[in-house]
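Asks: The whole structure should be built from the sequences, with the hints applied where relevant.
Chains as they are written, first to last, in the numbering used here: chain A, -12 to 445; chain B, -12 to 445; chain C, -12 to 445; chain D, -12 to 445.
For the record, the hints were derived by calculation from the structure and aren't laboratory data.
It cannot be assumed that every hint is accurate.
All copies of an identical chain are treated as equivalent in the list; a pair is satisfied when it fits inside any one copy or across any two copies.
As the list claims (entries may be wrong) - Computed list of lysine to any residue pairs in SDA-like fashion (alpha-carbon distance at most 20 Å, straight line):
| hint | residue 1 | residue 2 |
| --- | --- | --- |
| 1 | Lys391 | Ala206 |
| 2 | Lys196 | Ala415 |
| 3 | Lys391 | Val33 |
| 4 | Lys345 | Ala114 |
| 5 | Lys391 | Glu413 |
| 6 | Lys345 | Leu257 |
| 7 | Lys196 | Gly371 |
| 8 | Lys345 | Ala254 |
| 9 | Lys196 | Pro37 |
| 10 | Lys82 | Glu377 |
| 11 | Lys133 | Ser211 |
Number of protein chains: 4
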Amino acid sequence: MSAQRSQRLLDALFTTEQLSEIFSDRGRLQGMLDFEAALARAEAAVGIVPPRAAESIAAQCRAETFAVDALARATALAGNPAIPLVHELTARVAKADPEAARFVHWGATSQDAMDTGLALQLRAALATIDADLARLAAALATLAEKHAQTPLPGRTWLQQGPPVTLGLKVAGWLSAVDRHRERLARASAGAATLQFGGAVGTLAALGDKGTEVARALAAELRLSLPDLPWHAQRDRIAEVATALGLAVGTLGKIARDVSLLMQTEVAEALEPGAAGRGGSSTMPHKRNPVGSAVILAAAARVPSLVATMLGAMVQEHERGLGGWHAEWDTLPEICMLAAGALARAVEVVGGLEIDPRKMATDLDTSRGLIMAEAASMALAAHLGRQAAHELVEEASRRALREGKHLRDVLSADARVARHLSPEALERALDPARYTGRAGEFVANALAAHRRRSGGDRR
Amino acid sequence: MSAQRSQRLLDALFTTEQLSEIFSDRGRLQGMLDFEAALARAEAAVGIVPPRAAESIAAQCRAETFAVDALARATALAGNPAIPLVHELTARVAKADPEAARFVHWGATSQDAMDTGLALQLRAALATIDADLARLAAALATLAEKHAQTPLPGRTWLQQGPPVTLGLKVAGWLSAVDRHRERLARASAGAATLQFGGAVGTLAALGDKGTEVARALAAELRLSLPDLPWHAQRDRIAEVATALGLAVGTLGKIARDVSLLMQTEVAEALEPGAAGRGGSSTMPHKRNPVGSAVILAAAARVPSLVATMLGAMVQEHERGLGGWHAEWDTLPEICMLAAGALARAVEVVGGLEIDPRKMATDLDTSRGLIMAEAASMALAAHLGRQAAHELVEEASRRALREGKHLRDVLSADARVARHLSPEALERALDPARYTGRAGEFVANALAAHRRRSGGDRR
Amino acid sequence: MSAQRSQRLLDALFTTEQLSEIFSDRGRLQGMLDFEAALARAEAAVGIVPPRAAESIAAQCRAETFAVDALARATALAGNPAIPLVHELTARVAKADPEAARFVHWGATSQDAMDTGLALQLRAALATIDADLARLAAALATLAEKHAQTPLPGRTWLQQGPPVTLGLKVAGWLSAVDRHRERLARASAGAATLQFGGAVGTLAALGDKGTEVARALAAELRLSLPDLPWHAQRDRIAEVATALGLAVGTLGKIARDVSLLMQTEVAEALEPGAAGRGGSSTMPHKRNPVGSAVILAAAARVPSLVATMLGAMVQEHERGLGGWHAEWDTLPEICMLAAGALARAVEVVGGLEIDPRKMATDLDTSRGLIMAEAASMALAAHLGRQAAHELVEEASRRALREGKHLRDVLSADARVARHLSPEALERALDPARYTGRAGEFVANALAAHRRRSGGDRR
Amino acid sequence: MSAQRSQRLLDALFTTEQLSEIFSDRGRLQGMLDFEAALARAEAAVGIVPPRAAESIAAQCRAETFAVDALARATALAGNPAIPLVHELTARVAKADPEAARFVHWGATSQDAMDTGLALQLRAALATIDADLARLAAALATLAEKHAQTPLPGRTWLQQGPPVTLGLKVAGWLSAVDRHRERLARASAGAATLQFGGAVGTLAALGDKGTEVARALAAELRLSLPDLPWHAQRDRIAEVATALGLAVGTLGKIARDVSLLMQTEVAEALEPGAAGRGGSSTMPHKRNPVGSAVILAAAARVPSLVATMLGAMVQEHERGLGGWHAEWDTLPEICMLAAGALARAVEVVGGLEIDPRKMATDLDTSRGLIMAEAASMALAAHLGRQAAHELVEEASRRALREGKHLRDVLSADARVARHLSPEALERALDPARYTGRAGEFVANALAAHRRRSGGDRR
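Replies: Listed below in structure tokens is the structure:
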């Protein structure tokens, strides 16, 4: 009856050990038990429960002492794990302190325990994730700074364009990661909110003590006290999903870029190597982009999981049917995939091997064609944008057709020679001189990063 | 390093024990090991591998003897579980029969093992699912037949309309379930296809023996032999996802209907009760629709997972990066959720408690207004559709406004009295006489069901 | 060649006129033309373009003068609408002021025009949406206040539970809507950011004037100046999608609740009626929940569209292939559906017809069973939670079985009589006395709402 | 009030003219009007409606005579376009033939008209799509045959591996496309099913003539007659979505491959060029992968739209609220995107420019490393798989480290020299000799294609 699935093989690949523990069966049970213990104490503080009873209850709230299999069987019948957990907890308390048993879960509903337990799990998970985001941002800042002036071909629509610098590319990643830290901080704050409403959200079972207990309970667990229970208002929970979804999108973008740079034909950057890492059973020479694969897999999976969370917000009346249940595995999955992708991103970015020489070589792959804009702009000052554009377009086509370097085609064109000396043309076609505001943009992103992460230390 | 997540609590609720085992770490390993054993035997049959070596290899292919934790750690580095598994298998074979070790995994790539292993897992999973679909269809046929003539309010846009019969409602479910069986049969046939192509799908490492080995391997595993390897062509795999997605959509529709019929105010049908089932920690009297909740949760989650599978089809070149990895947890998740929802549907439909008296009561909730169409149609023969429609619309508004029964408003209208005697009006307003072709439609669906399931017995 | 599709029939149902105009072909063209005009002016301000040329360019930037069909044909070839638009604009400027033509689009890339145009469209769209969110919040606040004490059955898992008040239900909606306003405000601020980077994001074509032009251009359009161009960093754009996705989730929740309350058997609340609204071609008496249907359709569609936006964030290098293109219809669709759902929600909530008498009737549908918790709590003080729970559970089963009122079963039970007088039992079973902290929670939500919307007036 | 959005700019890029017309407002109206005309004739054939009246009705059923704006305004109130359309149609018939007006829409419900109209639209759309799929398959077959022996690097995880042939790559695409034709044929057959059930699916309004009318109506429209109406059973409709979703997945895979091959650094294949196609406003030399961009955008958008269709299957009772409405724009969108992607794929594949010389060059990019498997296999016969693997792995690392060709490292290794002569080593490292069963696999796929498309001509 109780299911035996384990997921260790793939969890080891796709998530982190910390997140696996937080969202394990034990982690889930402990979250609910922390709620039950804190509820008893809060009710003791308010005078509803005798202090000794509260301690008797709290003493039993250790997840590792509960048998998951039996709870799993009962969950299948009850429809959620809180019901059998409370039942079993009550039985245990009854054995140790019969008087205390009647106070277990007093005034609460199973969703109070599950949602508050989730808030505690999320707090732990998001702290981990934020720390890794900070680490990623730091690694990106280091890389952007180091390579602020390292030129490589810009690429749009997978075609080479004018040059950029590696620092600019990385600064774009960094800037997004810094924004994600702000989004996640807000989502985390929202998710760290107590759920406590009793059967239908009125706390009626606590008579006139409801508010007082709620306040004490929130304080006990260091969670925010909401204006009202939110059993069927899932926006704070769903916002965790969307904030992580946005962050994973950026991680996917980084991994896509890295994996493209790592193609055999490009080979401008490589994921860090390690013993046993990225080997292939048949291609001994390969260094597979394992980190990128993991991140891209997360980026392929998380958006749909976010959609599930958003769709599940349509919950009926005071507590919904099906929508709530759809969240239980989905939000943990999002957290785990995000954490796994992030951990890999830290590794990949932190150990990225850069090959500036290959970048320089690739800047000439097109035989000057990626400098066409530069040439066009240099000539535009003399001929007008449209005429210059057409001249260079024609020259580019000819260079392509005749297998020549753009420099040679242009220097042979009288209209060009009229306005640009050979030296001026050479300068106009030098990639390292045509990275525009790249350096300034990198500096902007680094300054913003420092401002933001300055806040970390305070 | 190796993750410790277990999912037993929620798996017990959301899936079945069989599916949990099929898609457990051990199930996954066994699928790959079955491939390796069969590969050795096929290569022995073709004369590439000594028969004794093949048996030495096959003898080690027992998943329960492998340590999941160590494999998990290595998977995190290698990027997939097949690489460390083959490594460990080779080491074990080497201990028992050093000569045989060099033949392990001969000519294959890790994706061959993983995809073929998946084909074997899917075959087992889909057989289970088809058996449950057949069970569900049988239960639906029984219910449709029994209640072919049981009237209840038809409901459109959540408003009562003219009457239907419970049999008609159930026949609609049945008819869809029968179609899903056909879709799943086709998808299963497609998914039961060997994957065997070596590093890039050419079987080059096997020289001129590639085809011969492939044929023997397919025969060994009772899988179809494809025209060519399909490492980066995922349509057969994705079709399993879409076929299950369609089926879960229908299960969700059934569960939505059941849960709406089970509302306290409607109470025309109830999920079966059972000890420990559907209790509430705070509302002792409630019989919660636990089965419907599980099914609706699956219906909320599976569509997005199907989207992931479709999106993941965009795989690069000979073997993709990220897209393939995104499938590994997603397709099993779809299978498990579908199986869980289906098992619940069998329970819910098989034990559905029907209250024909409450249905009869509800047929009069609107004080005759749901019979407005019947009245309209009865009058249309005399006044024309538009005029009759308008007359009845006006009468209905008046009935609503004055809190009267439609019968009374209509019988007081001279335009009605001119054409319909009181008895004719009464007959026109009798719900049991206004179920149209419902009986015939039920019979159609049952006949089609018998034709289709006749095929099961052959 | 140019497609002829119009969408007016369904747009009239699913979105608003304002949003339809903003995201029409003309709206899209005007967004890009506003960019081109402002660019010319900014470059004039910086001294790159002669002021007269800038005015000649700006004079042509009126979308209504461009032929959509010809641009559509060219878009199909060019791959985006900015390329042919710039081409056509240049031709027009050339006719009116040949000197000016060479300055059109100077230093920019097509994505600069498209993204900045989008930022301008989003600013207009989100202002409209925020105004409607404010209207919705105001209507909800009015409703919550008015019905703070109106009792109706609480409903969990679609089963009646202890009573709540309509005000509490509405306060839950209100509180979420207020949070969505904050989320949208942040997303709007992020989206109102200039895009200006030239071919690969370096502004190289502008020499050392890039930053100066960018600053002037941002000021001209009243958009934020980013630290660096964000062609392939789509998080700000995607955050608009997620913020709207969250908001639509709450609107869907409201519509689900309203449509359930509006069921013929429940009929506790009705969407406002209107001539021609919600009629049925065959059921003249029906008042269909048209508003809820529109909102629920949006809630069914938007989550997937958000997933598309998140998945599309994985864009390659300096400007992506496919991902960017996937946004073009998707984000407008999300905005339009959100605005349509919101406009309907304002109508539905603003005109909701409440039937407190039917609510009162429904409070007794279960013959006292929804007051079981109240009874249980009243008895728990005397018997302990577990014993009281079991007693009431047993009494509830008996009441169900024997078709009796819970009051009658309990009053006949000696264990009850020992602790509760008939009057005390009657009080314990009065729904109006058992709404707990509902009033206080409503007051909390209203106070928070006033604090937040106080900010609107400043 | 009526929305003004047009979508011509992007529709011209993302879909085809034919599909745009089929799913335009006019196409939608004509589908419903075809239903109404056929219904009148079927009822005339059965003797319910006078033949002259049927012709009077049919005479008005021309969509181009209806004013979309007025219908749009009424749709917004009524909740669907069929209600005002029937109203307006009745008014028009009444003007021309007052007697006939009362027979308009007799016995039908608005969903009958909408769903049957959709079936007619889908029939037209899917015929177009199937024709283009056939065209694509033919182009792929031609390409696969022509390049069956053209070697290029195999690529796994974006890293070069052993060689494949272009024919093998294309045969993989072809084989999938052929499977999609079969899936679409089945889905089309299912979708071409009459919807006719009246208000709640019983045809009660037609008395005992319901079945007879349904049969005549199906015949009139050449649609299948279902066992029973399917207003709330959406599996046939959703299967169109999933079949197209699967097909688009394969198109996306083709486009991903083409766009990767088209990268400046790879340049082994190019999308066909054309005047005005794929130009860039700033990079005159670029030939942008416009076709691939369109296809990849479809592949990014369609999976989520399929998820919406699957999620929308959960429709309530006899006719659902919200779910049905969610389909109205979504399924047409899927069809349009699929058709657009397909049309682009036909262009791209049909005109693909192949550069076998660049492919040959790229086969040596890795300085022999992609032939490591070949070397490993050649040595395995002498040293055992594991030992050979390790030897070559070591040699490969050395080649990488020292910047040497693998050939040179291996030939300097005594263990190699012992078993392989210089000539044998050279042969073992020749990519053209190491394409394994590629030729046979191509032949298999072509033979299967001919068998399948043989069916087209019969």
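Asks: Each hint needs a verdict: does it hold in this structure or not?
Replies: Hint by hint, here is what the structure shows:
1. Lys391 - Ala206: neither (74 Å within a copy, 44 Å between copies)
2. Lys196 - Ala415: between (78 Å within a copy, 17 Å between copies)
3. Lys391 - Val33: neither (86 Å within a copy, 38 Å between copies)
4. Lys345 - Ala114: neither (39 Å within a copy, 49 Å between copies)
5. Lys391 - Glu413: within (15 Å within a copy, 34 Å between copies)
6. Lys345 - Leu257: within (12 Å within a copy, 24 Å between copies)
7. Lys196 - Gly371: between (79 Å within a copy, 18 Å between copies)
8. Lys345 - Ala254: both (7 Å within a copy, 17 Å between copies)
9. Lys196 - Pro37: Answer is within: at 15 Å inside a copy they meet the 20 Å cutoff, but 74 Å across does not.
10. Lys82 - Glu377: Only across copies: Lys82 and Glu377 sit 18 Å apart there, 89 Å inside one copy, limit 20 Å.
11. Lys133 - Ser211: Neither, since 42 Å and 28 Å both go past 20 Å.
Of the numbered hints stated above, those contradicted by the structure are hints 1, 3, 4 and 11, listed in ascending order.
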